[in-house]
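Same order as they appear, the protein sequences are chains A and B. UniProt numbering applies: residue 1 is where the first sequence begins, and numbers increase by one. UniProt numbering applies: residue 1 is where the second sequence begins, and numbers increase by one.
If you are wondering where the hints come from, they were derived from the structure by calculation, not from laboratory data. One or more of the hints may lead you astray.
Since the list gives no way to pick one copy over another, a pair counts as held whenever it fits inside one copy or between any two copies.
Said to hold, decoys possible - Result set (SDA-like, lysine to any residue): computed pairs, CA atoms no more than 20 Å apart in a straight line:
id	residue 1	residue 2
1	Lys211	His77
2	Lys188	Leu228
3	Lys126	Ser24
4	Lys148	Thr223
5	Lys188	Thr152
6	Lys148	Leu228
Number of protein chains: 2
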Amino acid sequence: MEYDKHAYEPFAVTVDLAVLTLRSGALHVLLVERGQEPYTGHWALPGGFVQPDESAETAARRELAEETGLSDVSGLHLEQLRTYSEPGRDPRMRVVSVAFAALLPDAPDVHGGSDAADARWVPYDKVGPLAFDHDRILADAHERVGAKLEYTCLATAFCPPEFTLGELQQVYEAVWGTALDRPNFRRKVLATEGFVEPVSGASRLTGGRGKPAALYRAGNVTTLHPPLLRPTPEGHSA
Amino acid sequence: MEYDKHAYEPFAVTVDLAVLTLRSGALHVLLVERGQEPYTGHWALPGGFVQPDESAETAARRELAEETGLSDVSGLHLEQLRTYSEPGRDPRMRVVSVAFAALLPDAPDVHGGSDAADARWVPYDKVGPLAFDHDRILADAHERVGAKLEYTCLATAFCPPEFTLGELQQVYEAVWGTALDRPNFRRKVLATEGFVEPVSGASRLTGGRGKPAALYRAGNVTTLHPPLLRPTPEGHSA
DNA sequence: TCAAAAGTGTTGAATCTACACCCATGA
DNA sequence: TCATGGGTGTAGATTCAACACTTTTGA
Chain A
1 MEYDKHAYEP FAVTVDLAVL TLRSGALHVL LVERGQEPYT GHWALPGGFV
51 QPDESAETAA RRELAEETGL SDVSGLHLEQ LRTYSEPGRD PRMRVVSVAF
101 AALLPDAPDV HGGSDAADAR WVPYDKVGPL AFDHDRILAD AHERVGAKLE
151 YTCLATAFCP PEFTLGELQQ VYEAVWGTAL DRPNFRRKVL ATEGFVEPVS
201 GASRLTGGRG KPAALYRAGN VTTLHPPLLR PTPEGHSA
Chain B
1 MEYDKHAYEP FAVTVDLAVL TLRSGALHVL LVERGQEPYT GHWALPGGFV
51 QPDESAETAA RRELAEETGL SDVSGLHLEQ LRTYSEPGRD PRMRVVSVAF
101 AALLPDAPDV HGGSDAADAR WVPYDKVGPL AFDHDRILAD AHERVGAKLE
151 YTCLATAFCP PEFTLGELQQ VYEAVWGTAL DRPNFRRKVL ATEGFVEPVS
201 GASRLTGGRG KPAALYRAGN VTTLHPPLLR PTPEGHSA
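Construct all of the structure, not just a fragment, from the sequences and the given hints.
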């Protein structure tokens, strides 16, 4: 493994973030308007270069704060997606990009910063063509999150520390794009020990009307047994 | 995104491969004995530097051939695991490594090459401490493959083009480390349309004895609906 | 008193598990 | 004819989807 550090055209390592949240029941993505070449004026996923002394995860949190003003990165769930390394991804130089899906409970307002002219929450189905290969990264993020809802408790990453089962169900419905039966959903979640635990006595009104719902906290378990399968898309396989 | 290509200490990008196969019913990993510093003489996962003109996937295939003589990389299934980017992973310089799990149907013999003094198939549970953070990468690979057996048809990547249901079941049992009920396994697999398709008329003897088994090919589907869940490890979550 | 949201009950269908059992082959 | 591995059948338990119904709140 002889390797002269400076013999080759160096690689740049970047991170790209598909930041997802729910706003009024619909899945939204955080996009930035690029203020630099290439793709100036185009919309893109937030991201940037990894510095020499930080990991990709650290860089992801830093870039998010810098570009969008999201400093409340405490409740942020980072999920490494995959790494995109095809030569030619970036017209400037050889860039290897580590992509993340980032899930956020509430959706604070965002604003441009550093390299971003603007930053905005965009409904997932309103996202137009993005810069670089970011369309693909976003699609991969959506697919991965949708799949992980089935067999992990990832959904709670979209919820505040205390949440109602209705809110949790909204996560599934927004990401999957399907309606779920409330009674059955409720039973499945409660039957999976460790998924959620009740906050005794607490309750909250949803939408100003109706019976106040009991509050729950995320449980101590990460894997769901049995999984909470999405309704068969009729022909997905079987 | 101003970036002077040569301003920073450059990143090196490497690939690491957890190559898995089944030998006589047991899960084996391909390890190489390092012929270079650091960790000379230690066992490690095969891997190496990504060249300027290739993707991580291409580099993975090339390194595998170079280090172990595995040139039959046609039937090889490559599955990107994740990227390890913590500063200090490699004592020499800043290295970002893209890890892959690679699944192989048959286990051809291997030999050292280029940077590897030796290469060998090692039973999974006999793997001792490895160089760098390769223990963790291998554990991550095992976990990921085990999970993907449940809801994808990944298991067929361990099988030759035509295989028996008994062989397919061995894959599950070897990776999960549990025995499965043969009749039920068979029914589940056949009930999942697109998982396997029969090769008409063909059959093969297993182990020289018993009734010849019908042969199947991998189907055209990648996602399993419903999933083939592993038996509850009694306390995994519920 | 009505609409809206939470929560409970129930029933028939589908699935799964754990076996018992039969089949084809080599030694 | 026996051991070995392939393949089928089945009964009981469990789970699940679908939908009716009750409860609690604000307007």
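Each hint, compared with the structure:
1. For a Cα distance limit of 20 Å, the shortest separation of Lys211 from His77 qualifies neither inside one copy, at 31 Å, nor across copies, at 53 Å.
2. Taking the closest pair of Cα atoms, Lys188 and Leu228 come within 20 Å of each other both inside a single copy (7 Å) and across two copies (19 Å).
3. Proximity of Lys126 to Ser24 under the C-alpha cut-off of 20 Å is restricted to the intra-copy arrangement: shortest distance 15 Å within a copy versus 53 Å between copies.
4. In the homo-oligomer, the alpha carbons of Lys148 and Thr223 lie at most 20 Å apart both inside one protomer (9 Å) and across protomers (13 Å), since each shortest distance falls under that limit.
5. For the identical chains of this complex, Lys188 and Thr152 are intra-copy neighbours only, at 13 Å inside a copy versus 23 Å across copies, given an alpha-carbon limit of 20 Å.
6. For the identical chains of this complex, Lys148 and Leu228 are neighbours both inside a copy (10 Å) and across copies (16 Å), given an alpha-carbon limit of 20 Å.
The structure shown violates just one earlier hint, number 1.
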